[in-house]
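Student: Those protein sequences? They're chains A and B, same order as listed.
Numbering-wise, the working numbering puts 1440 at position 104 of the first sequence, and it's gapless, one number per residue.
Numbering-wise, the working numbering puts 562 at position 187 of the second sequence, and it's gapless, one number per residue.
Calculated from the structure, these hints are not laboratory results.
Wrong hints could be hidden among the right ones.
Said to hold, decoys possible - Straight-line C-alpha distance at most 27 angstroms; calculated DSSO-like pairs for lysine-lysine:
1) Lys557(B) to Lys692(B)
2) Lys1571(A) to Lys1541(A)
3) Lys1376(A) to Lys1541(A)
4) Lys1623(A) to Lys1613(A)
5) Lys1548(A) to Lys1484(A)
6) Lys423(B) to Lys1484(A)
7) Lys557(B) to Lys1676(A)
8) Lys415(B) to Lys1484(A)
9) Lys1606(A) to Lys1629(A)
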Amino acid sequence: MATKASRTVAEHEVRNSAYSRDLLLGFYRMLVKCRMCDEKARILFRQGKYAGNFYSAVGQEATEVGAAYSLRDDDWIAPSHRDWTSNIIKGAPLNLCFAQLFAKATSPDRGRSSPAHMGYPPLNVITPASSIAGQLNVGTGVALGLKKLGRDSVVVSFFGDGATSIGGFHEALNFAGVHHLPIIYVCQNNLWAESVPLRLQTALKDLSDRAKAYGFPGVSMDGNDVLAVYDAASKAIVRARAGEGPTLIECKTYRWYGHSEIDPAKYRTKEEVESWKRKDPIPRFEKYLFERKVLTDELKAEVAAKITQEINEAVDFADQSPYPAPEEAQGFVWAPETEKGS
Amino acid sequence: MARTLPFIEAITEALHQEMERDERVFILGEDIGLSGGVFKATAGLHEKFGEDRVLDTPLAEGIIIAAAIGSSMVGLRPVPEIQFTDFITPAMDQLVQQASKLRYRSAGGFSCPITVRICCGGGVGGGLYHSQENAAWFVHEPGIKVVMPSTAYDAKGMLLAAIRDPDPVLFFEHKKLYRTVKGDVPEGDYTVPIGPAVVRRPGNDMTVLTYGYMTHVSLEAAEAMARRGVDAEVVELRTLAPLDKETIVRSVRKTNKCLIVHEDKRTMGIGAELSAIVSEEAFDHLDGPVMRVTGPDLPAIPFSPPLEKFFMVNTEKVVAGMEQLAAY
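In isolation and in its complexed conformation, chain A is listed as follows:
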């Protein structure tokens, strides 16, 4: 990882002066918000406040924030099971995100999908399915549609290293390359596909090398460096909006916890986990901000307090929301009359 990552940093050394204070603080607030929401989701699950499961992305926040922060409302996200917080970054109300966990009638899908499988149609976050790489195929189709309609919106597709091993990954990226589609494939390589180590999934060192086979750029980077991810994503988004086609971005990162909340992840060594915790994207970015006097202890406390309050309100909202009535299971199989005859 070292060589490519350091190259990426070097290419973007201008960034020290390129970011406004507001943008840097925006990244920071969002990183902390994603972390705190995710940790809260874990706690709530362990408290038995909701059933099912949760797929924590703690440790991977810089990949989500860096890639999705600057998306417009009309842009799309095709998330996987570990991208619950991508809804938050896109702008979904926190109340609804927690209602989703609790499977309440107020959630965007009215209690249908599993807790972490959240989409938000008003802001074009596709409600995910569980099948691996399914989303990046559908996201590729969305990109085809956007191109055909002549729009300059883009799609960001999030997926893990595990999704790069299945046939659908090849079909989607090949197709996107052929048609120069406006899509950014963001691979969050956290080294483990459930319990399968990367060495048993691929002979590649850098998953971005796969892009060569599809005829578009691929870049690998330190996925715990929010600015590096942001830079790469921004470049890819500009390229996609201009009709120049897709980019594959590999963010080398790590999930701190198991595949899901019921996975103790005993297949990993303590040393490995600890070494990655030391590369936590948040303290590292804080250090950067402190050095540039963008962040102060006071502001840091203020950010945390505000998010805590927002989360508490959202959890209350979710808690107090009603469950869907049993017979509501029958809804939304077919189009309503109002959609017919178009």
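Please build the complex by placing chain B on the supplied structure of chain A, with the hints as guidance.
Tutor: Same frame as chain A, now just chain B:
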């Protein structure tokens, strides 16, 4: 103004007219553009509408369907083609996990108005991998509509209805009908609604429930039986999902007997569900068991002509089934 067209040309005409009428419609698939399709169902479209709306794709069914699903989510009306239903399996994840569930899992936030044209069926020497039907796989997936017309008139009208439908529709085209079946087709725009079955031959002595190519086989058998004094009512389902239970049950309550005829494999096939519906909703009216004439439970339709003949339901087999049922 109607004129006689082969089944396949009714399909081609529907595509031409709908693409002219609605610029959101585009087609995609293998060999559909430059070559006009292996059966020429998409002939002339590439010349008329260009590559942007007639897209030759990689030979990769998963992304063909995914490309259709995704582009339908932003407001387009894609009509992907699966060249042979035998090749639909790589797209199963997209059809079953995405298309059928998208509206449901997003509580109506997203929809998927695609029409997948699928060439299917045996009896033409296609062998194991160019003869299958497997419509039953999809009938088991609420959220997807499944249709299979048997006449040129319905082929055009139901295809237009399917493309305009806000839900995903699988449009099965039996390849044996393409050029052997001809019929009157109006030149102008019309739709045949998805859902209603149709009584193709009214009768009083037994109901034959069938669809697709087997409609023609069943009608021939019914005529043969009429000469022996058995007056069968042939009901063509046309839409396999959702089923027109009302027409099915009404017919069986009238005739008191029910024979199901389909080409595809027997066990857990569409006939199994039809039989259950009739048993549940017309039990008191039945004078005999619900019977089936179907393809055998074999992995696929074998190639060698005598072997294929063994698999295929034909008029003689349907007549034998009708005779057996008539004896009750």
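Student: Hints first: check each against the structure and report whether it holds.
Tutor: Do the hints match the structure? See the list:
For the hint pairing Lys557(B) with Lys692(B), the CA-to-CA distance comes to about 24 angstroms; that is within 27 angstroms, so the pair holds. Proximity of Lys1571(A) to Lys1541(A) is assessed by CA-CA distance (about 23 angstroms); at most 27 angstroms being required, the pair is judged to hold. The hinted pair formed by Lys1376(A) and Lys1541(A) fails the criterion: a straight-line CA distance of about 34 angstroms is larger than 27 angstroms. For the given pair, Lys1623(A) sits about 15 angstroms from Lys1613(A) by alpha-carbon distance, which is consistent with the 27 angstroms threshold.
Only pairs whose Cα atoms come within 27 angstroms are accepted, and Lys1548(A) paired with Lys1484(A) is accepted, the gap being roughly 25 angstroms. Only pairs whose Cα atoms come within 27 angstroms are accepted, and Lys423(B) paired with Lys1484(A) is accepted, the gap being roughly 17 angstroms. Between Lys557(B) and Lys1676(A) the alpha-carbon distance is near 30 angstroms, which puts this suggested pair outside the 27 angstroms criterion. Taking the CA atoms of Lys415(B) and Lys1484(A), the gap is about 25 angstroms. The hint holds against a cut of 27 angstroms.
Of the pairs offered as hints, the one joining Lys1606(A) and Lys1629(A) is violated, with about 35 angstroms between alpha carbons and a cut-off of 27 angstroms exceeded.
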